[in-house]
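K.L.:
Chain by chain, the residues run as shown.
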Amino acid sequence: MMSYFFQLLISGIVVGSIYALSALGFVLIYKSSRVLNIAHGQIIAGGAFITYALTVWADIPIYISFFLSMIITFFLAMSVERIFLRRLIGEPVISVIMVTIGLMSILDGIIYLTPFGSENFSFPVFFPKTPISFGGVSVSWTQLVGVIITFLLIAAFSWFFKKSTIGISMRAVSDDQLAAMSVGISVPKVFGLAWAAAGLSAAAAGGIIGNITGLNFDTLHAFGITVFPVVILGGLDSIIGAVAAGIIMGLIQQFASGYLDGHFGLSGTAEVLPYIILLVILLFKPHGLFGIHEIERV
Amino acid sequence: MASNRWLTTGNYFTSYKQEQRIFLTHLDRTGFLIFLILLFVWPLVFPPSNKYMLVIDNILIAAVAVLGLNIATGFAGLISIGHAAFVGVGAYTAAFFAKTIGDSHVFLTHAWPLVILLSGFAGAFFGAVVGLPALRLKHLYLAIATLSFQMIFTWTINFMDFFDQGQTIPIARVFWFTGEVSRKEHYLFWYYAILVILILLGFMIRNLLRTRYGRCLVAVRDNDRAADAMGMHPGLTKVYAFALAGFMAGVAGALHAYLYRGVGIESFSLHESITYLAMAIVGGLGTLHGSFWGPAAIKMLDLFVENISEYAGSVLPATMNLTTALRPLSFGLVIVLFLMFEPRGIANWWRIFRSYTRLWPFRY
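Protein chains in written order, with our numbering: chain S, 1 to 298; chain B, 299 to 662.
Calculated directly from the structure, the hints in this document are not laboratory data.
Since the structure is predicted, the reported quantities are computational estimates derived from the model, not experimental observations.
Please note that the accuracy of each hint is not assured.
Pulled a few chain S residues facing chain B out of the computed Cβ check, cut under 10 Å [stated by the list, open to error]:
no.: 1; residue: Phe5
no.: 2; residue: Leu9
no.: 3; residue: Thr114
no.: 4; residue: Gly268
List time: in silico BS3-like cross-link candidates among lysine-lysine, alpha-carbon distance up to 30 Å [what the hints assert, rightly or not]:
no.: 5; chain 1: B; residue 1: Lys349; chain 2: B; residue 2: Lys482
no.: 6; chain 1: S; residue 1: Lys162; chain 2: S; residue 2: Lys129
no.: 7; chain 1: B; residue 1: Lys482; chain 2: B; residue 2: Lys315
no.: 8; chain 1: S; residue 1: Lys189; chain 2: S; residue 2: Lys163
no.: 9; chain 1: S; residue 1: Lys189; chain 2: B; residue 2: Lys597
no.: 10; chain 1: B; residue 1: Lys436; chain 2: S; residue 2: Lys285
Derived list of chain S stretches under chain B, where covered just means 3 residues or more per stretch with a C-beta under 8 Å from a C-beta of chain B [to be verified]:
no.: 11; region: 161-174
no.: 12; region: 195-204
Glycine included, every Cβ here is placed at the ideal spot set by N, Cα and C.
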């Protein structure tokens, strides 16, 4: 019984850290440009497929292709911002949301044109097959490495935001665009960089998810929607919030499907619980756990 | 008022009442009447095949739903990514009756206008409940709250045995004065039924927008603090906009259930919600006739893409599934292009056309 609990705990942390990495992409974009990128799941999927194509078809070692795909999505996401969102700066929220929704559809269509649209793919095995077990609780090597890479990346991103010049200018833009502009920060460039950074993290998330669960477009782009509750729970503009909320949400989902499904005539609770939590959070703490208070009541 | 009541030659309004008329001139009114008569007569003159009649019925139902969405999103500025769930609430209200009293009970087959009305009220109730977060949330947060209603709705239906876990629940054919509506005239009958309901609702909304409540909606959209200062109640207005949107959606849902003679969850997915939003935007947010242009444009695009990919499939050797790729691609492109180049939607083209014909032969 105890080992079942710990098994759920471990898989909750694994799922949660992937959530955290995916949520990071939302946070990076929202933090600087106040845009919620609904097409993020598609960018994650794109990154995963590029990694797969480079590793399996072009036969490049996984580590190199992992970085290559991160670089490719870096520029892809930057050009997406350049083409679609640059001219929408200052437009009402609904336009921006709808453009990212339209973007989601376009990327869907493009991915369906590639062989990745409908089939399942799985990465070749890179790590030892025998999982690490400890008292009945087991973690596969892929999961372990995935979690480690996730935390390294998140640490790198938060360092980048805290210390580097570009990171500080991005924070300045998120605080006050006009003030940032007046001290000589190029706001459009920062927006582009934020998207690029989000694309980079999305590719990393895609690669890790692809290694852990296999590649399937439907599950990958569903990720974009699943991560919403995580981002809201953590607060839309907090990296720490994204990490904490990711892990909380992962744990809740795993425990819900481990303990609730099959009892009380429930099934698929892991899918709906995040949204119920999301509604409760929105009602009582609309800015999330770590977000900045900016909701006004009317 | 100018002496000429058929053509306008400028602004000669002497009272607010004159300015708020639904039809500015007699010409407008006559033109609209002729248009309505044409809408009723054309299926009798050129009877379309069932396939196309179904598409037209779908457009009209979508117009009912988008009319509601346009109230919430276009006029009151409340983004709703869960509109298909409200449509689903309406459809599942009909399904609820079908499940409890049998799908061919007199209540469902004979008293169908009542069922449609009740579904509308069910939608309005859920709309008001989901609108409650609007008291505290704005913009993005509200959009996500409605999104979570969509997710919770889908899960609830998928999970409940009572609603066959999202499998299709059948609903019997309805009766009319002439007896049961047969298979052959099913789509034609519903064309007329939906058309009448759509016209009634359209006039209702048009008149609502001329009242204090309609102006409240727009005021709250433009600046809710200013609206508050002017003595309106923004919170109440928002909840009531959601309830109205829910009512329209509920009516659309019941019509959908009757048209397809069954209710299944796949018609009320997140994708449908996004489609409704796209319709509202392509048609023109915050305009009444945009709610008719949008559904027509999107459904026509769908039909067009389907025909194109069918044709391409016959020419190209069967390599890939073009339909699954082209559908989202064209849909997304239409949304993005409209938002980038014509954010005011097709309604704006109509406005330009109208002002051109009104002023012709003068430029301005």
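K.L.:
For each hint given before, does the structure comply? Return the numbers of the non-compliant ones in rising order.
P.N.:
1, 2, 6, 7, 9, 11, 12
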